[in-house]
Structure formats: C-alpha cells, structure tokens
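Participant: Each chain, letter by letter, is given below.
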Amino acid sequence: MLPLRLSCRRLSSASALRASLLSSGLSHVPSLGWGPCSLVAATSDLGLPPSAHTLALPPASLAPLAGGGRAPLVHHHMAQCNTKLRELREELLPSWQAQALPDSDRRAHLLRSRLLMNGPFVLAGNWDEAMAVGALPPQAGETATHLGEMLAVVQGAGGALSPLEAHAERAALGAAYVASELFMLSDGSEGFEDTGRFLDERLRELDALAAAAPGGGGGG
Amino acid sequence: MNDFMSAGVHRLWKDHLLASLSLPPTLQALSRSPPAGSPEQPLYAHLDVAGGTGDVSFRVFDELSDCLPSLRLPPSGGKAPQATVTVCDINPDMLRVGAERAVALYGADLVETLDEPPSPAKPLRFREGNAERLPFDPCSFDSYTIAFGLRNVTDPSRALRNALELLKPGGRLLVLEFSRPPNPLLSAAYDAYSFNVIPPLGAAVAGDEASYRYLVESIRKWDDQAQLTERMEDAGFQGVAHEDLAGGIVALHSGWKL
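Chains as they are written, first to last, in my numbering: chain A, -7 to 212; chain B, 704 to 961.
Bear in mind the hints are in silico, worked out from the structure with no lab data behind them. It is possible that part of the hints are untrue.
Restraint ranges, calculated between C-beta atoms of paired labels, are given here [claimed, not checked]:
1. B:Glu936 / A:Gly183: 47 to 53 Å
2. A:Gly180 / B:Asp769: 38 to 44 Å
3. A:Ala205 / B:Glu936: 52 to 58 Å
4. B:Arg861 / A:Gln72: 38 to 44 Å
5. A:Glu157 / B:Asp769: 56 to 62 Å
6. B:Asp769 / A:Pro22: 24 to 30 Å
7. A:Leu108 / B:Ser736: 29 to 35 Å
8. A:Gln72 / B:Arg735: 23 to 29 Å
9. A:Ser5 / B:Pro821: 33 to 39 Å
10. A:Gln89 / B:Ser734: 55 to 61 Å
11. B:Leu715 / A:Ala167: 39 to 45 Å
12. A:Gln72 / B:Ser734: 29 to 35 Å
13. B:Ser914 / A:Ala8: 45 to 51 Å
14. B:Pro772 / A:Pro22: 29 to 35 Å
All C-beta atoms, glycine included, are put in the ideal place defined by N, C-alpha and C.
All chains, please: the whole structure from these sequences, using the hints.
Facilitator: Listed below in structure tokens is the structure:
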C-alpha cells in the first residue's frame, strides 16, 4: 500500500516501466484475465499507484472493437514467447547439430515448446479470449508480425531453403501451429500430450505433401 | 457552437478522453486496497483544467460515481468523499455556468460552487485558477485533464510544469487539443472548412465572426503533434504519446509523472 502524499521520487524510465508492467501483468492473467485488471495488479507488484497501469494501455487499445484494453498483454505474451523460443533454439542447436537431428524433428520440438507456453492460459480457460483479441482487425497486423517472427525462429533451426520453399514452408508450419493451438483449447490430457500428437500428425502430413510434390524431397 | 463546428463530434472526443483514463479497474483496486494515509484523503482525485462548463468533469464524475455509488449520496458527518473532481478555470463566469449545471444535475449537496467556502465533504468542486500556477498542493491529483484549453494559456510550458508538480508520482496528464492532420488532402479540406465556414457560422450562430476567425487562426499557430510531445517531455513528463482523432484534426496526448 502506498502513502497518498509521496515525495517525488524517481522511478525507472517509461519504456522500462511499461515492459515491467506488462511482464508482471502476465503473471496475473490466469486469475484476472487479459484486461486492465491484470495491469492494475502489476502496479501493486511494482509499488506504483493503480492509476499508473495506463502506462501500458494505449488509448487506442481500449475501444471494444480494438479488444477493450486486452491487446497489450496478448501481444506482450507473444513477443516474450518469441524471445524464449529463440533462446531455446540457441541452447539446443549445438546438440541437435552434433546428433544430426533431422530438421523436421527440430521444428516439431520448437513448435511443441511454443504451444506449451500458452499452457497456463489454456488451463485458466482464457486462451481462447487471447486468440480472439489477436484476430480482431485492429490487432491482426501485429499478431501476424509476432506469428511471422515465431515461424522464422522455428525455420532457423533447419537448413537453408530457397525463398519460395521458405515461404511455402512458413505458411505450412503456420497452418499446423494454428490448427494445434485450436486443438489445444479442448485438450484435457496430461501435459497437453494429445496436442503434441496432433501437431506431429499435421507435420507428417505436410512432409508427405512436400515429398509428393514435383521436385519435392521433403525438408529433412 | 462547439456542436455546430464539430457536428457534435467533440462529444465523442471527450468520451474517448474519459475512456483513456481507464477509471474502473483503478477504482476497483483502490476500493479493495486503499492506499495508506489519512482517512480524510479521497481514494482518487481528478483535476480538470480550463473546463469551466463541466463537459469533461461531469463525464469523470459520472464514471467515478458508477464505480463508487456513495459519491452520489449527500455527505454526512463531514466525512471525506471517496473521490473528488475539481474543475478549475481562469474564467469565473464559465465556472458559474458549470457549477449551475452541476447543481441541477447532482444537487447542491454534492457541488462546491465558486461562491461558497471550500467544503471538503463535497466531491465536485469548482475553483478559479490560472493553469500556470494553480492553487493546489503538490502531488495532490491522480489525473489531470485539459481539453481544448492548453493552447489558450499564455505560457503553456509553464502550465505543463505546474501540472507535473500537482500530479502524484505515477499520475497522468491527458491533453485533448486541436492539432494538424498529417494527410495533405485532409489538411487542405480542413483549412477550407476552417477559414471559409467557421467564421460565418460564428457570425450566424453566436453573432461573433471575429472571435471565431481568431479561433481558427490560433489553432493554426498552435503546436502540431510532435511539438506538443516535445513540450510535454521538456516539462518532465515521461512516456509521452499521442493518438490522432478525426484524422489528426484533434490529438489526445498523454504523459506520466514517473
């Protein structure tokens, strides 16, 4: 709790504070949802007055058609997951290269790991809300950017492809990921194992299609 | 006249200003865990400057009282209200108009008018003051709004520095003001409308073409979006951002005291 009349102490810069609010806010999303209430809870974690939650809440995001103030946390989650996924890839690449693990297995592992990052929100029952917010027209562009970055991280675990092949593969991986994300919403299995199997099945289908295409030899 | 000039859209801009304050989750949190401090202090204190007739402040008061229904009850036992809205203007006549409207809407029990002594128990207060040096203690307010008033202040930078002083740490300033449409086509159409339609409209509706011509010219001389952002940053606000409304004819700037 804060005293009402504070001395004017210096706090960290706005961008750093915004990032801290969003990161801390994510920890409250399972219980408080994707809206401003999680950001308000984050102000308490950071020793700020509740009104400071607006620092992480652009006015344009507050309109109902823009997500009612839920988009900042959704997109922050996506950005954080991309960072973690990139770090995971860098950590695993040396051992994968040593084992000569096929590209398809590497991609499957990364996509599965990425799906599990949504796990806490699926269990809390509000991941569908995040997906809906991300699909709103004012948010779709940023959502597509985060998805594109995620797929670039996944593709970066494999060998080089021609631009056309890379583009086609990215679209295919994106489709498999989104389908698995939807499947996960109703997956009650331990550790989302059924989603992992669903994803593997989709990726096998894509590899089979690629192998059957004229001049196709699969992605490894 | 505001309704004629903006085809009533100024109401939407002010609604957007209110929504940007994001009051409901703040008040929910404050009601659950009130800040430590004297029980005479309200949970939330808002200041609206240059808003004599009450357009913005009534919106804020309505939102606060939706979240804190006790705000609408007549004060009892001299107890401090859970939230306050203070309306400040340099023009006492505008304040009297606003106070009359407030009394008609909410009742005299809830409104401290200009001509009565300060009444700490009343949540809606009308006070005369110059935005460059407002008569309040430092770190008194959680939010500060000024709608279509900053460009009329003699020294806007000084007013912004004063705003920073009056806000509590973590507090937010919102400035709703005319700006410059970045799109050249819209800018040309806006200029044509401003110089050829508004002054004659002022003559026809308010009987005062000269004042409305001055209004249009003052808007053209005022800061654009980037200039106001720089002015707010120079005053000490952080995280300054703006949002264009109506294609940039109006902009909503916000900054925080960190």
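Participant: With reference to the structure, classify each hint as holding or not holding.
Facilitator: Going down the list of hints, with the structure as the test:
Take Glu936 of chain B and Gly183 of chain A: their Cβ atoms lie about 49 Å apart, and the range 47 to 53 Å holds. Range check, Gly180 of chain A to Asp769 of chain B: Cβ separation about 39 Å, and the 38 to 44 Å hint holds. Checked against the hint of 52 to 58 Å, the C-beta distance between Ala205 of chain A and Glu936 of chain B comes to roughly 56 Å, which is consistent with it. Checked against the hint of 38 to 44 Å, the C-beta distance between Arg861 of chain B and Gln72 of chain A comes to roughly 42 Å, which is consistent with it.
The given range of 56 to 62 Å is respected by Glu157 of chain A and Asp769 of chain B, whose C-beta atoms sit roughly 57 Å from each other. Remark: the range hint 24 to 30 Å for Asp769 of chain B to Pro22 of chain A is upheld by a beta-carbon distance near 28 Å. Distance hint for Leu108 of chain A and Ser736 of chain B: a CB-CB separation of about 34 Å, consistent with the stated range 29 to 35 Å. A beta carbon spacing of about 28 Å between Gln72 of chain A and Arg735 of chain B agrees with the range 23 to 29 Å that was offered as a hint.
Restraint check, Ser5 of chain A to Pro821 of chain B: a C-beta distance of roughly 38 Å satisfies the suggested window 33 to 39 Å. Here the CB-CB span from Gln89 of chain A to Ser734 of chain B is close to 57 Å, well matched to the stated 55 to 61 Å. In this structure the supplied range 39 to 45 Å holds for Leu715 of chain B paired with Ala167 of chain A, their Cβ-Cβ distance being about 40 Å. Here the CB-CB span from Gln72 of chain A to Ser734 of chain B is close to 31 Å, well matched to the stated 29 to 35 Å.
At roughly 46 Å, the beta carbons of Ser914 of chain B and Ala8 of chain A sit within the given window of 45 to 51 Å. At about 30 Å, the CB distance of Pro772 of chain B to Pro22 of chain A agrees with the hint of 29 to 35 Å.
The structure is consistent with each of the numbered hints, conforming to all of them.
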